[in-house]
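Protein chains: 2
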Amino acid sequence: MSHTPQGSLYLVPTPLDFGCEPQGAICDVLPQETLRIAAATTHWITENAKSTRAFLKRVDGVLPLAQPLQQQTITELPREVHKKGDHDGQFDAKPLLVAALRGQHIGLVSEAGMPAVADPGSSVVRAAHDLGLQVVPLVGPVSLLLALAASGLNGQNFAFVGYLPQDAAARSKRLRELEALALKTGQTQLFIETPYRNAALWEALLHSLQGATRVARASGLTLPSMSVQCRSVQAWKQTAGVVSGEPTVFAIGK
Amino acid sequence: MSHTPQGSLYLVPTPLDFGCEPQGAICDVLPQETLRIAAATTHWITENAKSTRAFLKRVDGVLPLAQPLQQQTITELPREVHKKGDHDGQFDAKPLLVAALRGQHIGLVSEAGMPAVADPGSSVVRAAHDLGLQVVPLVGPVSLLLALAASGLNGQNFAFVGYLPQDAAARSKRLRELEALALKTGQTQLFIETPYRNAALWEALLHSLQGATRVARASGLTLPSMSVQCRSVQAWKQTAGVVSGEPTVFAIGK
Chain A
476 MSHTPQGSLY LVPTPLDFGC EPQGAICDVL PQETLRIAAA TTHWITENAK
526 STRAFLKRVD GVLPLAQPLQ QQTITELPRE VHKKGDHDGQ FDAKPLLVAA
576 LRGQHIGLVS EAGMPAVADP GSSVVRAAHD LGLQVVPLVG PVSLLLALAA
626 SGLNGQNFAF VGYLPQDAAA RSKRLRELEA LALKTGQTQL FIETPYRNAA
676 LWEALLHSLQ GATRVARASG LTLPSMSVQC RSVQAWKQTA GVVSGEPTVF
726 AIGK
Chain B
476 MSHTPQGSLY LVPTPLDFGC EPQGAICDVL PQETLRIAAA TTHWITENAK
526 STRAFLKRVD GVLPLAQPLQ QQTITELPRE VHKKGDHDGQ FDAKPLLVAA
576 LRGQHIGLVS EAGMPAVADP GSSVVRAAHD LGLQVVPLVG PVSLLLALAA
626 SGLNGQNFAF VGYLPQDAAA RSKRLRELEA LALKTGQTQL FIETPYRNAA
676 LWEALLHSLQ GATRVARASG LTLPSMSVQC RSVQAWKQTA GVVSGEPTVF
726 AIGK
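Chains as they are written, first to last, in the working numbering: chain A, 476 to 729; chain B, 476 to 729.
The hints are simulated quantities; they were obtained by calculation from the structure and are not laboratory data. Glycine included, every Cβ here is placed at the ideal spot set by N, Cα and C. Some hints here could point you the wrong way.
To be verified - Distance ranges between label pairs, derived from CB positions:
1) A:A687 to B:T660: 36 to 44 Å
2) A:Q641 to B:T660: 17 to 25 Å
3) A:G720 to B:L698: 25 to 33 Å
4) B:G578 to A:L538: 33 to 41 Å
5) A:P543 to B:G607: 45 to 53 Å
6) B:G686 to A:E555: 42 to 50 Å
7) A:Q498 to B:A644: 39 to 47 Å
8) A:L538 to B:K532: 24 to 32 Å
9) B:R651 to A:L658: 39 to 47 Å
10) A:R511 to B:D535: 17 to 25 Å
As the list claims (entries may be wrong) - Each computed EDC-like pair below joins lysine to aspartate or glutamate, with the alpha-carbon atoms no more than 16 Å apart:
11) B:K532 to B:D605
12) A:K729 to B:D605
13) A:K712 to A:E678
14) A:K729 to A:E678
15) A:K648 to A:E678
16) B:K729 to A:E652
Working from the sequences, and respecting the hints, build out all of it.
Listed below in structure tokens is the structure:
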């Protein structure tokens, strides 16, 4: 009895300079193996087909694609999945993976960074496990982890909690909860915000937290504009620092 | 008035195949910029000087080092810091960074993966911020994040809690606490164990947790032996799977 080997699901990280001008060299943030697999893959599942084509054009610039871009199969996740997240188990991504059952390798990508980490994609990975497919995560930039390492806050116990509430009172309450958790357990608390709300979040941080609590903010990771700083709330209040309008990772710790 | 520019603290990730035979190509897991900075750096702070020299020999194989290995300055963290962790703020690493105040760039490395994430180094990063040095995290493999992405568990809310207690009763209690947290809040709980205790931890997991709880285990990340699987406790009980004796990341989620 012959048996077609199944394809793998590759988790393909992308550079963090999505939407930036100019963009750096892709080889500076993606190692050879990641580039090789990206160039060889012809079936994709993504948040956004346009950004995936832009990514593949950059890959093609350093390693020729196995198939012209127009002939590749790029399937977008449904909008409700990539906007609201897909970790509640409601979305069944198995139909997206039928090609893998016929032996086709499939790549999962997001707009920037690692798919399925602070980004959609976990429903696809879950479906791959349910189908018994091999799941292969590839090396590339992950903004949360670069921010955590560079913060100097506890990297041996940490949590990423996603976005904070938009309502001012609820946001301050949540910030104080995260601070209490960080101070009590030593667990660093990381979170993100939609860039245009960075300034409001930053104000809330400085006004809601205790003076001795350490706060880190990291933006422009892997880019020329990179900035990672970590100070006590008290010390932050003495600097006239303006928070970046770029995607920023924030962290609270002891 | 002239002013010597300060050096930066680079966080230099290393391959995850520490202690493995044979080892893969370093270019497959470290991008160009990471290799370039590793090759150009001549002052290092590390958990272990021997493994740092072995790493630099591999870098030299693809990009000549700026200075022969024997002439590089490699400073080990005190043993109590790299064994017990350095996140409690007791260890003052500022004296290790004096060369940076004179303009020298310094690299921070651990034995495998990203320094200061599930590994020592945060005291050095904290000291760099206190001295006003620029901290630059570089791209490379981070086993926790590769495991999380490939688990299919919630990557939009997750925590890494380090090691579990060694005592059997305390370990089961902790596992049930982590399960309760994961089920209540949807926050994926990641943890690690010293490899020779993997089998005992695995037994405890299958016996302490509820049948519907999902458990992932990931080992051999970035290596030919890679395995990442995620199933319900119930489904795991039906497989005669043996847990790997390699470094493994475990995760519990909904």
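Here is what the structure says about each hint:
1. A:A687 to B:T660: 36 to 44 Å: Since the Cβ atoms of A687 (chain A) and T660 (chain B) sit about 27 Å apart, the hinted range of 36 to 44 Å is violated.
2. A:Q641 to B:T660: 17 to 25 Å: Check passed, 20 Å falls within 17 to 25 Å.
3. A:G720 to B:L698: 25 to 33 Å: violated (40 Å)
4. B:G578 to A:L538: 33 to 41 Å: holds (38 Å)
5. A:P543 to B:G607: 45 to 53 Å: Because 51 Å falls inside the window, the suggested range holds.
6. B:G686 to A:E555: 42 to 50 Å: violated (30 Å)
7. A:Q498 to B:A644: 39 to 47 Å: Distance hint for Q498 (chain A), A644 (chain B) is violated at roughly 54 Å.
8. A:L538 to B:K532: 24 to 32 Å: holds (27 Å)
9. B:R651 to A:L658: 39 to 47 Å: violated (25 Å)
10. A:R511 to B:D535: 17 to 25 Å: Check passed, 23 Å falls within 17 to 25 Å.
11. B:K532 to B:D605: violated (32 Å)
12. A:K729 to B:D605: holds (14 Å)
13. A:K712 to A:E678: Roughly 10 Å separates the two Cα atoms, so the pair holds.
14. A:K729 to A:E678: Measuring from Cα to Cα gives roughly 20 Å; hence the hint is violated.
15. A:K648 to A:E678: holds (14 Å)
16. B:K729 to A:E652: violated (23 Å)
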